[in-house]
Structures are given as C-alpha cells and as structure tokens.
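Engineer: As numbered in the numbering used here, residues 48 to 477 make up the sequence shown, in order.
Check the hints yourself; a few may be wrong.
Stated by the list, open to error - Using C-beta positions, here's what the derived DEER-type ranges look like:
1. Gly160 with Glu285: 17 to 27 Å
2. Gly415 with His390: 15 to 25 Å
3. Gly198 with Leu278: 16 to 26 Å
4. Leu278 with Ala123: 18 to 28 Å
5. Phe148 with Val407: 41 to 51 Å
6. Gly120 with Asp306: 25 to 35 Å
7. Phe148 with Gly441: 25 to 35 Å
8. Pro412 with Asp440: 31 to 41 Å
9. Ala323 with Ala447: 28 to 38 Å
10. Ile106 with His410: 43 to 53 Å
11. Asp225 with Arg404: 28 to 38 Å
It is worth saying that the hints were derived from the structure and are not from the lab.
Ideal Cβ placement from N, Cα and C applies to all residues, glycine included.
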Amino acid sequence: MLLCAFIPSSTPLVRTAVDDPPGTRNVFGTAHAHETEHFVIRWDTDFTPDPDALEQLAIDAEAAWSAQMDDLGWPAPPGTETWKLDLFFGASGPNAPEMDFSGGYVYPYEHDGTPYMVISTDIPDQYATEPEGPFDVLAHELNHTLQYHSGDAYWGERGLFLWEATASWVTPLVTGNDAAIAGWGRYLLHPELTVTTASYDFDDPLRGARQYDAATFLQYLSETRGLGPDLIRDLWIEAVPGVDPLEWLDLRVEGGIRDVFVGFAVSHALGEHPYAGLYEQGIEDEGTAGGDWQVTGSLGTRGGEGRMEDRAPEGFAWNRLVWTVQEAGSATVGITPDARGDHGSPTTLVTELVRERDGVLEHLPFTGTTRLDVLPGDVLHTIVVAVPVEYEDGERFPYAFSARMDEEPTGCGCTATRGNPGLAGLLARR
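My request is simple: use the sequences and hints to build the entire structure.
Structural biologist: Structural data, given as structure tokens:
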C-alpha cells in the first residue's frame, strides 16, 4: 500500500483549482492537504489533526478504496479518472464544507456534480477510544461516492432507502467490524414497516433512520441467500431511472423478489439466520425506546380471533402472531386476508405456520385454515408476509385471524406485545 508523507499543518499548502498539481484540485480553497494514492485529505485553518491519527486515517481510506474497487469490483468514484477524491474535515475553517454532527457525508461539487467526502474533526480522536470507528465511517462514505454512478435513479420514494442500506451493508464487509452488523437488529423491532422505509427525521422513533438497518435485507440477499455481493454492486451499476430496486431484483433473482422476501421475513422473524445472535445484541443495546413489535400479537394461552388493521404489514413487510398452547389436542389456525389493502391495492399475503416444540422449529404446510396436533408448551408462530404486486407507499394489508383448540369455545386470551398497550384493541374478541 502506498503511503505518502504527512504535510505538517505548520506548512500551509494553499491551492486553487487552477494551480493544483495534476490529479488534485481544491475547489473550496482550504489551507492544508495530505495526499495519498487516491485521496487528498483537506482541512482549513481552524483545525490541526494529530499527525499519527492523520496517517492512520490515510491508511484506512486507502484500505476502504482497495476493498471496494479492487476486491468488490465497483467502478471508481465519478471524476476520479481525472482528479483524486477530496476528503474534507468539515467545519475546520472558513473555507471548509459545513459540518454540524459527528460522522460523515458525501455531496457533489456544484460545478460538475462529482462527489466529495466530508468527515467531522472528532473522527481522528476516535482512534484512541474507538479504533474501528473511523474505518467504518470512511468505508460507509466512500460507498456513497460510488453510488453516484447511478445518477438520480434511486432518489424516488422506493429507492432512497437503498443509499444508506448499501453503505451500511458494505461497511463490515470492508472493515470486518461485526459491531456494525449488530445495529441492524433494530430493523426487526418494526417488521410491519415496508423494507423501503426511509426517513432522515432521526427524532421519529418508528421510521427515523430505518434505511440504515435495512442493510439486513441486502445481507440476506448476498450471503444467507447465496446471491453474492456482486448482486448488490450490479444493482447500482445497472440502475435504470424509474425502476425501483425491488423491480430490478425481481428480474434478477431466481423465483422473483416475492419468494425471496418471504424467505427473508420468515427467517428473520424466527431468528433462523447466521446473525440472529448479533441482532439480538443490537436490539438489547437499543433499549427499544421506540417500541418493540417483533411479535405483532401475542395470543396468550387460549388463542383467539380478531382482525389486524393498524399494525397490519405494509407492502414487503410482515407480522408475527404467537400462541403458546397449554393442552394436548387438535388446533386450528386461520388467516383470511382482506381482498384489498387500505389504499385499494389487491392483496397478496403469504402465511407461514411454524410449530416450536422443545426449542425445535417445524415449518408446516398452510392452506388458509390449517389443523394440526399440539402438545402443552408448543408455541405456534404465524408469520404473515405482504408481497403485493402493486401497492401504495404506506399501504397496509389487513386480515382476519383465528387460533383455537378444536371443539372448544372460541375466546380471546390476547395480550398486548410488551410496550404496546394499543394492541389489545386490535386483538379483542368479536
């Protein structure tokens, strides 16, 4: 790996776009620079980075480049066929790009639209306390510069999530930091929300920042489903304006995206995937301040019947109903979807019934109303997955449900999922 000499901050390197050496430019006119093989790290007069931390930052930046371009096969960021990639310390002086939070971002130059990276001035200090943190930030932000090859293809309502989901997914692939994976467990707190949810309202406990944790879906496609990281890369390289990511995937994955998404929903509802333990740790660390709907409805020990409406799954999302059986006999479980969602789109619900006995999960055939033998202590998991062909953003797909012991009076032993008292009304007896 090529390492370039550190340029001391006491030796200002003031450049303009006109007199920069070949392969570099300084559009903002920041005072200092440190060049590497592919980057120019820049900062202005109000900041002095620690030389050792700056050198490590340069090493990590080049490692992130090598992993994503050389190993994963992404095309280099737009513009780098002519210029080295600018990496600024934001808010480091009057000529530096703006920065008002800890982390990083990517933005295009106004005059030519090519991207540059910005990181906060506290990033070098993290080497002393969180040595893996700066590498994570650099890998994530560098991936954003690669995404600019797609133009504005994914800026629509159903494509925006992919920008953050992809950069989050690629980060541990580049850095090997499993702590980043653990955070994706937050996705499972609200599986009733569509996979394409994207909101930068970080104060919203429900939808805010969900797009980062949708990396779990890309990980499933790439690794658990065995489709490989090339699929995610090509999703960007072959981006077509007006075609959202799920449409593109529907044409590329065997069986179509609906079959794949059902597999993702069921395996993640039940923890049948390699990262279940990490996700549980991430959820525990989260503290579930925004609520926890991993189990949309707990039917207690008596079963019951009712309707799921306000928490019914949106398009490409799921519910999980749980019934813990206390007696031996024959039980019947039924799901009856409404013909249309609450915005009028035709419904497509796929239901998976799983019997858990002594910690072993058994997937059972489900035909709308299914009868099965049960023993005391059996837990029946009913996963209801919405995979409509067409749907409106935010549209939910309601259904009626029933779960009862045969030849027993139907009643509702329903309880609200922890932290969600409103569920009792949804599951009330008719």
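Engineer: Could you run down the list of hints and mark each one as holding or not?
Structural biologist: Cross-check of the supplied hints:
Restraint check, Gly160 to Glu285: a C-beta distance of roughly 20 Å satisfies the suggested window 17 to 27 Å. Evaluation of the 15 to 25 Å hint for Gly415 and His390 yields a pass: the beta carbon distance comes to about 24 Å. At roughly 20 Å, the beta-carbon separation of Gly198 and Leu278 lies within the given 16 to 26 Å, and the hint holds. Taken as a hint, the range 18 to 28 Å holds for the pair Leu278 and Ala123, whose Cβ atoms sit roughly 20 Å apart.
Between Phe148 and Val407 the beta carbons are some 46 Å apart, a value that agrees with the proposed interval 41 to 51 Å. Taking 25 to 35 Å as the suggested C-beta distance range, the pair Gly120 and Asp306 conforms, at roughly 27 Å. A hinted range of 25 to 35 Å for the beta carbons of Phe148 and Gly441 is consistent with their spacing of about 28 Å. At about 33 Å, the CB distance of Pro412 to Asp440 agrees with the hint of 31 to 41 Å.
The given range of 28 to 38 Å is respected by Ala323 and Ala447, whose C-beta atoms sit roughly 31 Å from each other. Between Ile106 and His410 the CB atoms are about 47 Å apart, so this pair conforms to the stated range of 43 to 53 Å. For Asp225 and Arg404, the Cβ-Cβ distance of about 32 Å falls inside the hinted range of 28 to 38 Å, so the restraint holds.
When each numbered hint is compared with the structure, no violation occurs for any of them.
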